[in-house]
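As you go down the protein sequences, you meet chains A and B in turn.
Each residue of the first sequence is one higher than the one before, counting from 1 in UniProt numbering.
Each residue of the second sequence is one higher than the one before, counting from 1 in UniProt numbering.
Pair by pair, the computed Cβ-Cβ distance ranges are: (1) B:199 <-> A:226: 18 to 28 Å; (2) A:211 <-> B:168: 49 to 59 Å; (3) B:282 <-> A:610: 58 to 68 Å; (4) B:184 <-> A:230: 33 to 43 Å; (5) B:98 <-> A:574: 25 to 35 Å.
Derived by calculation from the structure, the hints in this document are not laboratory data.
Keep in mind the model is a prediction, meaning the values are calculated, not measured.
All C-beta atoms in this analysis are idealised placements derived from N, C-alpha and C, irrespective of residue type, glycine included.
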Amino acid sequence: MTVSVQVASAIILLVSVVSSKPALKVVRRDAEPDTSGHMNLRAQMLEEEMKLRLGGNLVLNEQEQVVNRLLLKEKRAIIERSRLNKTTYYPALSFYKSKKFVESTNIYQIIKKMPKGAALHIHDLAITSLNWVVKNVTYRDNVYMYYDDKGFVHLGAFGTPPADNPEDCNSLFFLVLLQQTIVSLGAFGTPPADNPWELVKTLRAKAPDAVMFDKDLLNNISMLSSDPLEMYPTINLVWARFDKYFEQVISLLFNADIMRDYYRQALVEFKEDNVQYIELRAILSGFTVLSGTTHDAEFGLNIYRQVTEEFVRENPDFLGAKIIMSGLRFFESSAIKESVKVAKTLRLKYPHFFAGYDLVGQEDPNNPLTFYISTLSQASKELPYYFHAAETNWQETDVDYNLVDALLLNTTRIGHGYGISKHPKLVEIIRERKIAVEVSPISNQLLGLVSDLRNHPMAALMASGYPVVISSDDPGTWEAAPLSHDFFMAFMNLAGKETGLAFLKQLALNSFEYSAMNRSEKSRAKLLWRSKWNSFILETVVNNTGLEQDSDMKMCVDDNRYKYQGLTCSQATTESSANVCYVKEVATACCRSCTMIWTGMPECEFGDRDKTMCGQDNACEQSANICCDKCADTRKTTNSQVRTYDLSALVLAVIFLIVQCCI
Amino acid sequence: MGLIIVLICGYLVTSLADQNVHIMSINPSDRRLINDDDYMKNREAMITTEKKMRIGGTLSLDDNEQAVNKTIMLEKINMIEFSRVNHSQYIPSMSFYKVKPLIENSKLLKIIRNMPKGGALHVHDLSGVSLEWLIQNATYRDNIYLCVNSQSYIVFKAFKSPPQNPDCPWKSVKEERAAASSPEQFDAFLRHNLSLMISDPVETFADNNKAWDRFKIFFAQVANLIYYVPVFQDYQYRLLEEFNADNVQYLELRTSLQGLYDLNVPEYDEEYALLLLKNITEDFMKQNPEFIGTKVIFCGGRYANSSVILENVKKAMYLYQKYPDFLAGYDLVSDEEWYHTLLYYKDALLYPSQQTPPYKLPYFFHAGETDWQDTEVDYNLFDAILLNTTRIGHGYALSKHPFLAKLVKSRQIAVEVNPISNQLLRLLTDLRNHPMIGLMSDNFPIVISSDDPSSWGADPLSHDMYMAFMTMSGEDGDLTFLKQLAINSLQFSSMSSNVKQKAKKKWEIRWNTFIKQFS
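If we strip away everything but chain A, and leave its shape as in the complex, we get (with noise of 0.2 Å):
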């Protein structure tokens, strides 16, 4: 029924697109021809096209079918606006610079409040705001900092600062990984001469300004404080900051007493968030205690176990988490074999809580699956994988195979799987074995695998229903909700105009169905998603009366043959001195230009009536009615009722902006 919506919806909009369009002006001497039988097939077509699609077989119950259409105006407003009129679309820019825009649509406020289920991919040192980490944990005693030599803080804490060395104190979690096999890979980054770690309060107490302070040391961190896309234009480039990201926090966050804290407050945002269940990607063991002593995975899961048990016993209405162990892809054989080991035996002794093993790190440069091959393939069979595969945009390289091997080693899902559309052998499998892709799309924006999200490799899969999942990977470090944004750039760039609710709704279905919950946690889960969904969606209804309603809009564009005085519509609007639009005649030709100019000002709807003339300096002396708008601030002062009517008429320009809406 959904599907049939759809299809009726989008042959409606094509139907009054066409008879909206200027009538024919020839009388055709030959018989009209016979177009019912091409309009018929396409509508089939077109049915048969979005059955295919992720949650193209949902159907929507009445109440679902409101949220929908409310989702599906503003959407088709937003990209018919930006193709019609030429102007930016937001969504496919930059996170950088969309932000601000996602925030300030209705449809992310609604992605924001619906239960989105499970967040699948994500990773241990990267999942609570910075804002969060600046205002609490560095408050903290035993909060110390510095400066390296490229500028960037990191931060740690300890009983002691470390007297040495301070890169050491980095690579300490290196060396516990490692435990004893090769120590004396123990150097990492360049060693400054003298040590330089300072009580973070110390710093703030002397800091002019205490706010600037913590502002600063946000933006030091925050991958955000430029935009990534610009900064750092290729992918090595933009690797060594997200790997600098994690060096700036490791320190600190390897402390087990911030682990926790940092963890809870990650639980605690996350189902403010409205997602219900994560699974983990986590390194596990190197915590440290203020006292120095450093501990083993085992340790470092009971963080992760104990805080879990505590926060669902607290929020009822919160399933849970899972950990997947993260060896890292740059280390020796012998470190993974072990890792590996230890994680055979967690998974022995907590099958509840410990979900698999995965191995992270940049693909590109690090060693590819092949590389451990002895180790995985022989821990297969008791040991689920979650594998990181191809997440880059080199094609038959070897990392583009760790698709091959990932899925010869039987891996339960795959993360990112960026090059996997360009395998149609392999997609073939993880569609028939149901291998589902976790797809992070601001993640895969951020780190330089695509710019403009519509060109994702996934947007096909989507739309031909193969098994994804959309997560965040790394909210934490570009300043992203826990899940909403990547939910946003999903609905906005990988799936189409006319893909609606139903594809939010498939979405967050599938994050349980490919989850690593076994049969009968799934059902409860899915019990209490059902329930958090449909007052979801009753709230969203009663929230929303009103604005559902459509006036009567029209097609707006403009008429190719007018012309204004041997202009073109764009020419005379852009062109003339005088503000043609207002000309009724031109206003009505040229809809498309003159919504462009539109004020919503009353008596100045396409604003200034003279360009030259209001390009005086005293213009607003000499003629305050024809420069209605650059003189508005004069004249709004003595009428306050245009303010509540530049509203409403705001509301009228995005109407007349939306070529239609017809349901």
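Use these hints to put chain B onto chain A, whose structure you have.
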């Protein structure tokens, strides 16, 4: 002491880093050789199965071809691995504006230039000849005038004596050139005003819309220079020369056939234009017997109203009946996202098939040249297929339509892919994200063409082939990929099967010579 530690650590780090790079760049496949025999066998089987599925996957190369293959693969793999492992920029993934000067000395590009590439099936008439020729030859002729419009763009036209045109007063190009400080400087000024490549289009134009606006201005600038019959004749001849020199043997040229004029006749009709093109081709073939030929695809503009297009279609039917060997069919061109859809013209476009008996006018529609999924532009793909299109121009959005993609494959409707055009008109930036890659890995009927090569200073076809090879096929995509693309370009041309057979033979001879000459 501290200093010594620093030095040692520093040395350790750098040497480790060096060693790291070194280890990785020797031979990446070495690392695949891990003892687990069965596992590796399975793995190879999987990879081989998939490789056979891609464009050219079933072709085999003889010994001589292997030699060529070795050379081109050496450069390809080196370039990819160097960049991937050593953290450097991958040149072919950048904007063509930046790529072009960097690959000028590439051995691979040289080989691709020498390679007989078959046909170019998607080329527009106003941007097929290098800008250099237009400036150095066409604008040097008598009776050519220019005016500078309000947006400071130069527009050309030919007159006996120019009319009053207060908004954009006509000036003789000859006189302007003579008045300039030097002809070279004047020509440079023209180049700067006409070219889309004075700055990087990927940076200059924020999106596809902005790029198209500039692109349309280019056509407006040169149209009346090229459509001036004395120029037109030489231009078209030159076009064949340039494509032939780039080792393209066959051409299907999209042209409006309208707007031709000279000093005596203000407008010639389509048949005149078609005959002119036919004669030029025949002349050229006489001089260059190894060339396979040219066909014309008659194009209406998507900005025209329905009745104009209906007249167009009728004209096309008349011409197709009269010159079936020279006119291939009909298409609609110009900014697809902005102008009318195929659906808007459905009455006109269905007209031929609704005659009794149905008249079969082949269509070659541009469709889905867009990032806007599910919009009316995107849905042009539905109408193109329903209108029984012979090929699809661009079809950039096809991969997002699994149902249509299936039809395209089963009915062997070829998609004409123009990588550089898609990039510079801002559909995507890094060509490794081109949505056609997925379809090319699955041996969809695809040909590579160049759209408007002279607008961005590209070779008639070689640069697009180079980009396709380096970004749209994997690291192991080799000569078979290029060879199959050449074969496809003849296979999916609108030549009749007899002619096609002959054409393929002609091409094969050229191909063998190319291979022989290499060794």
